[in-house]
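Engineer: For the record, the sequence lines run as chains A and B. Our numbering applies: residue 1 is where the first sequence begins, and numbers increase by one. Our numbering applies: residue 1 is where the second sequence begins, and numbers increase by one.
In case anyone wonders, no lab produced these hints; they're calculated from the structure. A portion of the hints provided could be inaccurate.
Identical chains blur together in the list; that is why a pair holds if it fits in one copy or across any two.
Claimed, not checked - Here are the simulated EDC-like pairs of lysine to aspartate or glutamate, each with C-alpha atoms no more than 20 Å apart in a straight line:
| id | residue 1 | residue 2 |
| --- | --- | --- |
| 1 | K416 | E490 |
| 2 | K735 | D174 |
| 3 | K808 | E753 |
| 4 | K177 | E153 |
| 5 | K808 | E752 |
| 6 | K228 | E713 |
All of these numbers come straight from a predicted model, not from anything done at the bench.
2 protein chains.
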Amino acid sequence: MTKYVYLFEEGNKDMKEILGGKGANLAEMANLGVPVPPGFTITTEACRFFSEHKGKYPEGMIEAVKKCLAKIEKKVGKKFGDKKDPLLFSVRSGAAVSMPGMMDTVLNLGLTDETTEALAAKTGNVRFAYDAYRRFLQMFGDVVVGLKHHDFEKALQDVKDSKGVKTDVELDADDLKEVVKKYKKIYEKAGKSFPQDPFEQLMMGTNAVFSSWSNPRAVAYRKLNHIKGLIGTAVNAQVMVFGNMGDTSGTGVAFTRDPSTGENKFYGEYLINAQGEDVVAGIRTPKPISRLEKQMPEQYKELVKIYKKLEHHYKDIQDIEFTIQEGKLFMLQTRTGKRTAEAAVRIAMEMLDEKLINEKTAILRVAPEQLDQLLHKQLDPKAKESAALLGKGLPASPGAAVGEVVFTANRAVEMKNAGEKVILVRTETSPEDIMGMDAAQGIFTSRGGMTSHAAVVARGMGKCCVAGCGDAIINEKEKSLKIAGKQFKEGDFITLDGTTGELFEGKLATVDPELSGNFAKLMKFADKYRKLKIRTNADTPKDATKAIEFGAEGIGLCRTEHMFFEGERIKAVREMILADSLEMRKKAIDKLLPYQKQDFKGLFEVMGSKPVTIRLLDPPLHEFLPHEEKEQKEIAKDMGVTFETIKQKMSELHELNPMLGHRGCRLGITYPEISEMQTRAIIQAALEVKKEKKLDVKPEIMVPLVGTVGELENQAKVIRRIADEEIEKSGDKLKYMVGTMIEVPRAAVTAEEIGKVAEFFSFGTNDLTQMGCGFSRDDAGSFLTEYVEKGIYDKDPFQVLDQKGIGKLIELAVEGGKKARPDIKLGICGEHGGEPSSVEFCHRIGLSYVSCSPFRVPIAKLAAAQAVLKEK
Amino acid sequence: MTKYVYLFEEGNKDMKEILGGKGANLAEMANLGVPVPPGFTITTEACRFFSEHKGKYPEGMIEAVKKCLAKIEKKVGKKFGDKKDPLLFSVRSGAAVSMPGMMDTVLNLGLTDETTEALAAKTGNVRFAYDAYRRFLQMFGDVVVGLKHHDFEKALQDVKDSKGVKTDVELDADDLKEVVKKYKKIYEKAGKSFPQDPFEQLMMGTNAVFSSWSNPRAVAYRKLNHIKGLIGTAVNAQVMVFGNMGDTSGTGVAFTRDPSTGENKFYGEYLINAQGEDVVAGIRTPKPISRLEKQMPEQYKELVKIYKKLEHHYKDIQDIEFTIQEGKLFMLQTRTGKRTAEAAVRIAMEMLDEKLINEKTAILRVAPEQLDQLLHKQLDPKAKESAALLGKGLPASPGAAVGEVVFTANRAVEMKNAGEKVILVRTETSPEDIMGMDAAQGIFTSRGGMTSHAAVVARGMGKCCVAGCGDAIINEKEKSLKIAGKQFKEGDFITLDGTTGELFEGKLATVDPELSGNFAKLMKFADKYRKLKIRTNADTPKDATKAIEFGAEGIGLCRTEHMFFEGERIKAVREMILADSLEMRKKAIDKLLPYQKQDFKGLFEVMGSKPVTIRLLDPPLHEFLPHEEKEQKEIAKDMGVTFETIKQKMSELHELNPMLGHRGCRLGITYPEISEMQTRAIIQAALEVKKEKKLDVKPEIMVPLVGTVGELENQAKVIRRIADEEIEKSGDKLKYMVGTMIEVPRAAVTAEEIGKVAEFFSFGTNDLTQMGCGFSRDDAGSFLTEYVEKGIYDKDPFQVLDQKGIGKLIELAVEGGKKARPDIKLGICGEHGGEPSSVEFCHRIGLSYVSCSPFRVPIAKLAAAQAVLKEK
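For reference, chain A alone in the conformation it holds in the complex (with noise of 0.2 Å):
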């Protein structure tokens, strides 16, 4: 028969599943020798019974409840409704990952009109017995039986009044009886009876734990954070000890190494006379756990002794509770403890000094997303406190920001110049903003979500933006920034936080990452263990510079449209662009040739003998044409033509679904002169860096958006015909690849065809989520919300890839590429590329190499060792 009840003794901390987390390692203390009241746990699996059998326990359960507390009160030595000396018990709630929304606690259960009597006779104490009496009313009507919180409120204040006091403290043991019956009659008028006997007390306490398994809240949040699998909660019954019987009593919590910083030193605080939730409840100011050395020696020492003992035992640092009870110290809980990243990368790498921990497991300990915070300029936490907040927008790239406000690119570049640091506001972000947004010190606008163009570019930059902040209004024009109803102008200080989507008024004092020590450790580690190789995502010198810094070991996507924004050179984009004849568009095309040299040779001398992966020219021509008329007037006068002509080409360009238009490889086979400009400017930069430098540059040409190999067999005769001619021009030598993005379904699932001629796939994630589950990404924001919170996709799939549909693409394809080419080289440049989940992934599935962007490469580093580690 299954074992539904186990006594604390009988359990242990891999016990979560059945025991929940508080009850397993209640548990695991009982049977470490650490001081913990005695109690018992109800099963989850009792719970599950009970949630498929409409409220009904499993045969045997109420009877192994009575013999647990039968052998409870053989221990202690006192009886549950003991009439002299009675047993009170707290029932909390507890499944295996802490889950708020189900019930609490109920303390104090136990008591009735009898045994309140007997505990003021046996304590001497008439106000603590029906302190608690009252307190157990209130709490047991409230969660228990569904009275009105509010009811209890009033009757208590309306006691207070009476007398005349504003505080409970004020009120005496008679007033507190007054209390009491005040409150029995709020079950009487809500047709409740309140239960005298003890045990029905217990049962209905476990029924509502039981219950609460279920309740809205708790179900929401379990969809909310993805937790799933579990089939209940445990219910956990533990003598009562009271921290609130004078000043030989107490209770605290406390950490068993700072979970700021790391450091190694006991944390946490404590209050004289008190239960637990004062600690919690803020109405009294605890104190430092330091001093209750001085306060109680005795007490203190052992409790050093237990929380070394804890931590030595779990090997990681713990958060605990703890009550004093007339002098004598009892353990209520133990768990591991939360950490910020700056404590959790110092914690594994001092527990690994102290060889608590080894080198594997010292890896596993730091959650890879977390790296970010310590990648970036933060705001100073002390600074943030006293600081006025103006509102909040979605975090959509971390770190903090300072500047003032400006509405234009062009003048955030002016003003940068001028040497001023500058915060770019705008409405949405278009890449004709690109210049202004490397200008700013970050970014703000208001419309956009988590992969809106701002937020994609600002997280590739490493740069703080805050996005999609509804509450701001944003007039470009007028240049004003109102929000939190303030109004801004150009040169206002503002400061942003975009780790948490915050605004605030103002300049705000930061704090610099720091990269060395143990960070520096945890990333060797990591690059021990690691199979991937890491690349960055990276169109500058600048970014390739920063992202090898943070030990980037090639370039996996070189978005060469990027460059193509830059001062005089789009002019010359835009005459391609309005040409009519193919010479006229040959002729623009010449005058670009010699920009996106330069800016290659800037790549290659920075990236020396690590390859670098370019992609071709890639997005709608439409998107390098201005879209205010200002600036089309401008542009008519420069070519030479009218307006009307200017616009015309802008009607022609227009698209109904430009993610599935124009664009890609299409402009390449449509516009082959493009790919030959810039196959030309990649190979001579390439002979010219290898020659003047000696570096054994290796490029590596990526066409984009194939969806069939007869795009990609065009395009690569083309690179293949220039390239060749180019080398042998030059009489050098020199090796290059030839690849193709794998991002939309079709190639995917004809990779072998594709792999015969591509030399290497990098799977763009982004295009392959848009096309392969049919949305897009600055249109989604409006179903995908709600898709994520119903539970329909897990996550956002633009955040973590959705390895069952778009995985399976990237599968077939692997599939496919390696029979083409058994040493086809594989990688992933997309969004995922540096989001641990999804690294892992493409460990599991036999990639290359994954690419990120340059602040991301830390993090993508860690997930491949865990990734790693965790197969094993």
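Place chain B on chain A using the hints.
Structural biologist: Coordinates of chain B only, in the frame set by chain A:
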């Protein structure tokens, strides 16, 4: 050693691959004992060698040619280059597939200064000999040596001018000698010499044929017509016979049956004293072949015997060429005759009756695509001859339409109700125009391709449409159509030919289709063999009735959104979209319920016990809002909201990529009340029709745009809840199915999961192609044509299912679906459901049915039958 040269008698009709079509048929005729002038064929393999070895011949080829020549000389008793009785040859190209663009014909090869004299002497006809010589000089100079055709024309004109005559016939022998002199000078001037060695002439002619295989026109033709896998052209050298040697000579072309009607009678024309080219050139008017019986009874009798023999031998209609030289009949060519759809059906059915072919062959004899011609009203071919052609657009939907020009949908409806026949003329159409399109005889647009809204909807309606006629300037505001220098106003008559894409001025006569007789017989045979069920895409009882007439076995796709546009209901739809609260939305939706129910009742009544698949609302909501300010203002007034509110809502609903936006099941998930209303309407309608008409109604409710099983689960739950509720309320029973479109690539690769929830899959190949290939139908125009021209895609994947890529996704989905649910119903409902090669694919991969527009049902049936027959 490979044999590179075949005497005609050494080959047969099955050797097309190496002898070409012409050569193989000449060989077949020679062996049948039909009088064919002797000759030989140089194989396509020699051509391949020639192409691959820079113009060299394979070893032994020259010798083989010489041997053949010798044998022929011996046979006919004349010698090539003989100075008394010279043998002359024609040289013609001929690949396995008939192919314009290559060098065609050189006649009279073997004539030199000397042999011309000999020919004159032998025939006693100096004029004849020199006329032959000058023709040869010109043809050889033009097509073999590469001299300018114009120079020869000018020289001939000069002689005519100096003699003061107008036609060639007026030139005598001396004049022609003068022409010959001038022609030779043209060679000299260009630095070329005319070879006086007949064998050299022959080899130069051979080179010219071989080289022409690779000329740009021929290459382009092969690409355009998807001719692949051929290795080259053959060269046919055949002893010359002359139809221009006086009144006992002649030449003609004929068909063994009437290629236009299919009637079993000898059909053709001939000319006395003429060469083949004269019949084609149209200088003299040829006589009907029946007249030959009187003019040359003996030869006619022989010709009839031969044509019957050939038809009986080939068991198909033959297209033959003959020449009579001085009373002796020679056959120069036979090949399978091209025929109209009408003829194809009649010939197949009559040959079956004649026991010439069996049922299977008869079914395979008609190209399914051709049937389209038979199902629609057509322009009377005679009326077209004298009609004023205004311009040409795309043949977007076949048939003919005559009517008055109207420029708006509303006006089309008004005029139709007033009893007029109208043609809707618009720049492009949108869903708002549906009612107007339905009211019109035909649709004419100046923009949009074969899969534009106008084209797709018109084909669905079986309505004539000419789309994308770029020459037309349409101003809807001013109600004016300008084309070919003319202006048309509302009420002016025009005529469309949707089969050719032509637009004519005025009213042209039309002829009605005939669906009984041979057509009905063919359909019966198709039904006997096919395994696929054929359903139709129909949204109205009218369409459904039409489809049943054509033999549809169910509805595979009823698009409910079309129902949303009619009359009053569009108001309620707009109210629903513009609603601010769930309550307002529900109120608007409730107004739609009775309409929808009526719609479905109509369909169920027509379809009886045939299954009806109804797709829930699919398009993005903004499609239902009016695009013009005037109408927007009206709505605002109707709804009692400000124009600004409407504008605001429009901008909120605007999407950058609507194809990948908030549509399909995403609507039903964010607004479950829409799915609820639609389900209620379907089930109530089904229950009522079942009860009222005692029909075994079979509704199949289809969820669109599912990408992940979660979406389907969500919607299936709503549907089943409402459906079961309605059924229970009725007290009756009703079987219904819940399934999904598979049109998102992710759905295809996760079909096993989805199949656990879906009772059927219907492949939406339009969207699957868009997302799978990553191009939008609306925008692909800018590159897709070029893609097909360059062979990157074989065919436009929106017209012909891309079996390799999109087909692969479908195969994966079929596999997954069957794994999850072995008896899953599988169908296709995209535009491809009526395209023959796609239908064959659907059969091959094991679908249960295809669904297509009513007018394509017969095509799909025939294609499905052929798919079975081809399999064996």
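Engineer: So, for every hint listed, does it hold in this structure?
Structural biologist: Going down the list of hints, with the structure as the test:
Taking the shortest alpha-carbon separations for K416 and E490, only the intra-copy value of 13 Å comes in at or below 20 Å, while the best inter-copy value is 62 Å. Taking the shortest alpha-carbon separations for K735 and D174, neither the intra-copy value of 93 Å nor the inter-copy value of 71 Å comes in at or below 20 Å. Proximity of K808 and E753 under a CA criterion of 20 Å is satisfied in both settings, with 18 Å inside one chain copy and 13 Å between copies. For the homomeric pair K177 and E153, the shortest alpha-carbon distance inside one copy (15 Å) is at most 20 Å, but the shortest distance between copies (128 Å) is not.
Taking the shortest Cα distances, K808 and E752 sit within 20 Å of each other both inside one copy (15 Å) and across copies (12 Å). Taking the shortest alpha-carbon separations for K228 and E713, only the inter-copy value of 17 Å comes in at or below 20 Å, while the best intra-copy value is 46 Å.
Figure legend: structure checked against the earlier numbered hints; the only hint not met is number 2.
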